[in-house]
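Sequences listed follow chains Z and L, in order.
Position 45 of the first sequence, counting from 1, maps to 45 under the working numbering, and the rest follow consecutively.
Just so we're on the same page, the working numbering is the position in the second sequence counted from 1, plus 112.
For the record, the hints were derived by calculation from the structure and aren't laboratory data.
Glycine is no exception: its CB is placed at the ideal position from the N, C-alpha and C atoms.
Worth double-checking, as some hints may not be accurate.
[What the hints assert, rightly or not] Pairwise CB distance ranges, derived in the manner of DEER restraints: (1) L:Q126 <-> Z:E68: 45 to 53 Å; (2) L:G197 <-> Z:L39: 21 to 29 Å; (3) L:L159 <-> Z:Q41: 14 to 22 Å.
[To be verified] Once the Cα atoms are required to be at most 25 Å apart in a straight line, the calculated BS3-like pairs of lysine-lysine come out as: (4) L:K182 <-> Z:K42; (5) Z:K57 <-> L:K182; (6) L:K167 <-> L:K190; (7) L:K182 <-> L:K167; (8) L:K185 <-> L:K167; (9) Z:K95 <-> L:K167; (10) Z:K42 <-> L:K185.
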Amino acid sequence: EPEVTQTPSHQVTQMGQEVILRCVPISNHLYFYWYRQILGQKVEFLVSFYNNEISEKSEIFDDQFSVERPDGSNFTLKIRSTKLEDSAMYFCASKAVSYEQYFGPGTRLTVT
Amino acid sequence: AQTVTQSQPEMSVQEAETVTLSCTYDTSESDYYLFWYKQPPSRQMILVIRQEAYKQQNATENRFSVNFQKAAKSFSLKISDSQLGDAAMYFCAYRNNFGNEKLTFGTGTRLTIIP
């Protein structure tokens, strides 16, 4: 069964550093999402991406964040200058038209 | 904006018994979907069950069923014959059936299964 994959599974970085989280959505999916879950809290929407552009972003997704689909298969989330409060689990999800979102296993980001 | 509320931070149930997790939501839309996701300790998000708002019949998936009360904006999850593997965080989620269809999650209920 096809699945969404994410790398790395755990990323440790120092405050102020740039990080790139990578996702490989399911191949025939058209809609892509990033969500964030701070430890012990609920899952929060960050951004959605369709037709090579952002379709919606939350207030969390400020200028420090960007997304890209560089090669037609990968979908990346970049945080330009990480802060301590960016420490969280980051989930990628994808879906085809009129079907459900399938989540990847997540990347745990720790900012020290 | 849509909101999802889960008022039970923690629940526990004896193995093989039945437990019901509560969820309420608020929306002005009429066309939407509701979901329950399970998050085990691995933190993977696993879809348990889905309910379309236009369907009056409650969704069922094996031991999992929902009680969808559209007028009351209530969407509870019933787990029958609870098993040790059901222990997890359970999140209720909402999405519109238009636009980018982002998911809005509740705060979750931690379910413990007592052997």
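Structure-based check of all given hints:
1. L:Q126 <-> Z:E68: 45 to 53 Å: Given a distance of about 49 Å, which is inside 45 to 53 Å, the answer is holds.
2. L:G197 <-> Z:L39: 21 to 29 Å: Given range 21 to 29 Å: holds, Cβ gap about 23 Å.
3. L:L159 <-> Z:Q41: 14 to 22 Å: 20 Å, holds
4. L:K182 <-> Z:K42: Cα-Cα ~23 Å, so holds.
5. Z:K57 <-> L:K182: Violated - the C-alpha atoms of K182 of chain L and K57 of chain Z are around 28 Å apart, more than 25 Å.
6. L:K167 <-> L:K190: It holds: about 18 Å lies between the C-alpha atoms, which stays within 25 Å.
7. L:K182 <-> L:K167: 10 Å, holds
8. L:K185 <-> L:K167: Given pair K185 of chain L, K167 of chain L holds - Cα atoms ~14 Å apart, limit 25 Å.
9. Z:K95 <-> L:K167: The hint holds at about 22 Å.
10. Z:K42 <-> L:K185: Judged against 25 Å, a Cα distance of about 20 Å means the pair holds.
When held up to the earlier numbered hints, the structure conflicts with hint 5 and nothing else.
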